[in-house]
Amino acid sequence: MNGRTKTKYPGVFYREAERIGGEGKEKVFYIVFKKDGKVLEEKVGRQFADDMTPAKAASIRSQRIEGKRVSPKEKRRVEKERKIAEDSRPTMTRLWDEYKRQRPVDKSLRTDDGRFHLHLAPYFGGKTPAEIISLDVDRIRVRMLKTHAPQTVKHVVALLKRIIRFGVKKGLCPESDRRLGRGAIGAAHKIHRRRPEQEGRRHNACGPFYGYAERRNPQLEMGRREF
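In terms of the numbering used here, the sequence shown opens at residue 399 and continues consecutively.
These are calculated hints, taken from the structure and not from any lab test. Careful, some of the hints might be misleading.
Derived lysine-lysine pairs resembling BS3-like cross-links, with alpha carbons at most 25 Å apart [said to hold, decoys possible]:
{"#": "1", "residue 1": "Lys404", "residue 2": "Lys471"}
{"#": "2", "residue 1": "Lys505", "residue 2": "Lys552"}
{"#": "3", "residue 1": "Lys406", "residue 2": "Lys433"}
{"#": "4", "residue 1": "Lys567", "residue 2": "Lys498"}
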């Protein structure tokens, strides 16, 4: 690489280097500026590979001086930390993969694996337990009741709850997620039964509208009987 050459922009210069992806040479632009009492030099891009120009380099220099732009090194550090944080998120898919690794491969596990990938992964796979609310679970339950037996729905919801309990027990997600599992999933999983005297009071209070919701949505009543 040759010595640096000044441009008409203060603090912007370039060196010539072998062109990436082509024959010949290209300019590699650098900026020099002072920040916090220190003189810094940073590479900002290549003429062809990055479509860099002296004017663009001067704009980047101004942003660095004003603190509006981070250095390439800082950007790499932030991106690395973001990736580490993303990779360590206890998503339901990651919890399920770990759950499978700790269980013997048998018919029960294969059945659960099918339930997870068919019914849970499309909606919850990328979510952590803390991101799942009772409305999410209830929507899945109602949707499944349209095409699946109540017992199947019950097994799927129970599997979701079991995965969250496993994650908490193994320290893969916080203890607070256990309470979430009881609240969010429990609310969608539990349907209260009414005693005969309660049904009578409800009938008198609702009058001609008694049973309207169940008549309009048979799946709702089916879910009540099952859960």
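- Query: Of the hints stated earlier, which fail here?
  - Reply: none
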